[in-house]
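K.L.:
As they're listed, the protein sequences go chains P and R. Numbering (this note's numbering) for the first sequence: 53 to 439. Numbering (this note's numbering) for the second sequence: 53 to 439.
Do not rely on the hints blindly, as some may be mistaken.
Same chains, same label: a pair holds when it works inside one copy or across any pair of copies.
As the list claims (entries may be wrong) - Below 25 Å or equal to it, Euclidean Cα-Cα: the simulated BS3-like pairs (lysine-lysine) are:
hint, residue 1, residue 2
1, Lys321, Lys274
2, Lys232, Lys401
3, Lys97, Lys317
4, Lys274, Lys401
Simulated from the structure, these hints should not be mistaken for lab results.
Protein chains: 2
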Amino acid sequence: MREVAVIGVGQTRFGKRRDASLSELAVDALREALIDAGIENREVKFLSVGNFGLSSEDITPAVIAAEQVGMHGAALMRCEAACASGSAAFYAAWMAVSSGLYDLAVALGVEKMTEVETPTMIEILGRAGSYFWEFHDFGLTFPAYYALYATAHMKKFGTTEEDLALVAVKNHKYGARNPKAQFQNEITVEDVLSSRMIAWPLKLYDCCPISDGAAAVVLASKDKVRELGIDAPVWVKGVGVSSDTSTMGNRPDFLGLRSSREASKIAYKMARVEPKDIEVAEVHDCFTIAEILAYEDLGFCKKGEGAKLIRQGETEIGGRIPVNVDGGLKAKGHPLGATGISMIAELTKQLREEVEPNRQAPLRRYLALAHNVGGTGQYCYVTILGR
Amino acid sequence: MREVAVIGVGQTRFGKRRDASLSELAVDALREALIDAGIENREVKFLSVGNFGLSSEDITPAVIAAEQVGMHGAALMRCEAACASGSAAFYAAWMAVSSGLYDLAVALGVEKMTEVETPTMIEILGRAGSYFWEFHDFGLTFPAYYALYATAHMKKFGTTEEDLALVAVKNHKYGARNPKAQFQNEITVEDVLSSRMIAWPLKLYDCCPISDGAAAVVLASKDKVRELGIDAPVWVKGVGVSSDTSTMGNRPDFLGLRSSREASKIAYKMARVEPKDIEVAEVHDCFTIAEILAYEDLGFCKKGEGAKLIRQGETEIGGRIPVNVDGGLKAKGHPLGATGISMIAELTKQLREEVEPNRQAPLRRYLALAHNVGGTGQYCYVTILGR
Numbered sequence: 053m054r055e056v057a058v059i060g061v062g063q064t065r066f067g068k069r070r071d072a073s074l075s076e077l078a079v080d081a082l083r084e085a086l087i088d089a090g091i092e093n094r095e096v097k098f099l100s101v102g103n104f105g106l107s108s109e110d111i112t113p114a115v116i117a118a119e120q121v122g123m124h125g126a127a128l129m130r131c132e133a134a135c136a137s138g139s140a141a142f143y144a145a146w147m148a149v150s151s152g153l154y155d156l157a158v159a160l161g162v163e164k165m166t167e168v169e170t171p172t173m174i175e176i177l178g179r180a181g182s183y184f185w186e187f188h189d190f191g192l193t194f195p196a197y198y199a200l201y202a203t204a205h206m207k208k209f210g211t212t213e214e215d216l217a218l219v220a221v222k223n224h225k226y227g228a229r230n231p232k233a234q235f236q237n238e239i240t241v242e243d244v245l246s247s248r249m250i251a252w253p254l255k256l257y258d259c260c261p262i263s264d265g266a267a268a269v270v271l272a273s274k275d276k277v278r279e280l281g282i283d284a285p286v287w288v289k290g291v292g293v294s295s296d297t298s299t300m301g302n303r304p305d306f307l308g309l310r311s312s313r314e315a316s317k318i319a320y321k322m323a324r325v326e327p328k329d330i331e332v333a334e335v336h337d338c339f340t341i342a343e344i345l346a347y348e349d350l351g352f353c354k355k356g357e358g359a360k361l362i363r364q365g366e367t368e369i370g371g372r373i374p375v376n377v378d379g380g381l382k383a384k385g386h387p388l389g390a391t392g393i394s395m396i397a398e399l400t401k402q403l404r405e406e407v408e409p410n411r412q413a414p415l416r417r418y419l420a421l422a423h424n425v426g427g428t429g430q431y432c433y434v435t436i437l438g439r
Numbered sequence: 053m054r055e056v057a058v059i060g061v062g063q064t065r066f067g068k069r070r071d072a073s074l075s076e077l078a079v080d081a082l083r084e085a086l087i088d089a090g091i092e093n094r095e096v097k098f099l100s101v102g103n104f105g106l107s108s109e110d111i112t113p114a115v116i117a118a119e120q121v122g123m124h125g126a127a128l129m130r131c132e133a134a135c136a137s138g139s140a141a142f143y144a145a146w147m148a149v150s151s152g153l154y155d156l157a158v159a160l161g162v163e164k165m166t167e168v169e170t171p172t173m174i175e176i177l178g179r180a181g182s183y184f185w186e187f188h189d190f191g192l193t194f195p196a197y198y199a200l201y202a203t204a205h206m207k208k209f210g211t212t213e214e215d216l217a218l219v220a221v222k223n224h225k226y227g228a229r230n231p232k233a234q235f236q237n238e239i240t241v242e243d244v245l246s247s248r249m250i251a252w253p254l255k256l257y258d259c260c261p262i263s264d265g266a267a268a269v270v271l272a273s274k275d276k277v278r279e280l281g282i283d284a285p286v287w288v289k290g291v292g293v294s295s296d297t298s299t300m301g302n303r304p305d306f307l308g309l310r311s312s313r314e315a316s317k318i319a320y321k322m323a324r325v326e327p328k329d330i331e332v333a334e335v336h337d338c339f340t341i342a343e344i345l346a347y348e349d350l351g352f353c354k355k356g357e358g359a360k361l362i363r364q365g366e367t368e369i370g371g372r373i374p375v376n377v378d379g380g381l382k383a384k385g386h387p388l389g390a391t392g393i394s395m396i397a398e399l400t401k402q403l404r405e406e407v408e409p410n411r412q413a414p415l416r417r418y419l420a421l422a423h424n425v426g427g428t429g430q431y432c433y434v435t436i437l438g439r
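Just chain P, same shape as in the assembly:
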């Protein structure tokens, strides 16, 4: 396998983007990534597009994105892995370069979720679970799936509603420093606790929003990096993928995500690093409990000690392992197909020390980790980047 570098990244502002169509969002992200990489659209012969779909009238998003940015003719596919669709597209583009097939590849993630009414979107998302049983017959929606994890974690490990709130508070704090975040306002624990109940113990502010947005990354082989004269690019050190049943009733417990543990194990092994080596991370905080589970499943702390990490400020800048210092899904937003690519884009900028100074993680070993979950762990993609 050939080494692969991230040589360009781009991302639109996330949020309710009534001002831009799906293809306009795609083009904005793609153009930024191409300029960042210093390459022309015509040089790109492989494009993968992460998009969950079902919320936009455009049912061939890869085709329209490729056309709008002048890449039609390229090898093209759409990748879907529920909320990890962006990471699946990244994985495909990474394989295209690491296999030796292409010297340049672009992965784009894009989602337009606010075109449909919110209750419809909630229904669509709920169907990403076990459709025939747990969604249809028992009425579980997405917040309810994660509420099962929250209550189990609270019962077993003493995690509290305040602990969950702290995750939202932290992520809003950094979202307020990120001009591309959907929510750029700070909030308090009290704001979270007094927000509308969604699925106990998860309240409105424990949940990520419904978002529009796009992100893109340009990948290159080592030869291409040299040819372009890029110094110290960001390298893809390890990628791990795993999956799990969508049927909650078939899972061994609700204390963590098996696919997160498996995917990170594969990625750590490939990168030859350990959890303690990671200096900044993006984790999948679709709900506050999900971030706490991720701390544990990724090995940033022992199982059951996730709440302690957030309580002690260890996942803020200045702590042991800054997490989601771009606002995370919670405050930056979660346009499904874009999220995984946006994580890679953010970490690339972190490793280049190019983000806003008040949210830049201090680096010594220059190692970062992205963790993107599809559904409630039906998919998990973990990527380790280094410089």
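With chain P held as given, fit chain R onto it using these hints.
P.N.:
Just chain R now, kept in the frame of chain P:
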């Protein structure tokens, strides 16, 4: 890049499969492919699933398929490339093995299209074109897109309605010999010409049906082939992918598909073979005109001479290059996500000389080609197999 072999294939019967759910179809194809390869489900660590979606209530088909067949935990993604979704999944699995990431990978294609009413399905398919302009504003449906190609070809090259009908007659002839085909009845030119007009000059019998079905292939690295003791497997010799605008008005002409020409050029180059070396082919005959275009775009004859090929029987068994001798999309059926994988499955069996004797292509060099188009050439995947 590592060499990759097809070591197992499986396919369900295509058709109106009211007797089987999406996951049951998936499981039937997967199980057959695993048995054919002589491996266990637990050995598979990479699964890609080709599925167009939008016609089934299951919106995470990759997850349910993986779970049903006992592969959850594997690296997993769904690939979509409109009617070439199966080939996109094949491409992803091929990259997973050729890159050195996995020694075994499975590509599954599955589609359940008959759950929705036919007019709704026709609308969904039409939206795979240029949605906002040519579908929505001008009312072009999928048969109408291809009718533009048919009329242009007739005007420029003198291709006739009878020539188009001959494609349907040939493909039904072989469908009648394929127990997995949706239509197993022979038809006459008169049947085609007198069938209901859909979009002039295309009549009902010029169009492929709406189908349910699944197909799966197991891919392995050279090392794995040796380890399993497989003699003379079928090798993936070359793969080419290209794409094109979905806006008909932006295409240079309607005489052929640019993406077919580009994709096949890449595949021929990788396989180091020429069109004349191919001894049996599966081409994307979603409409009869599409097969004639494919003859020309793939280089089986010169541009404009496709009709001559079918008239002279050159694409039947005994002719120069037998095409779609499993019935093709026209008679075997076209469950979108399954089609591309089914082509690889059929050609693998052809190269192993394992199909029904009355539709076995005579082989000397053992080279086969699969051509799978998404939309009206928005995507094209070409795969060359050899033994």
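K.L.:
Flag every earlier hint the structure violates by its number, smallest first.
P.N.:
none
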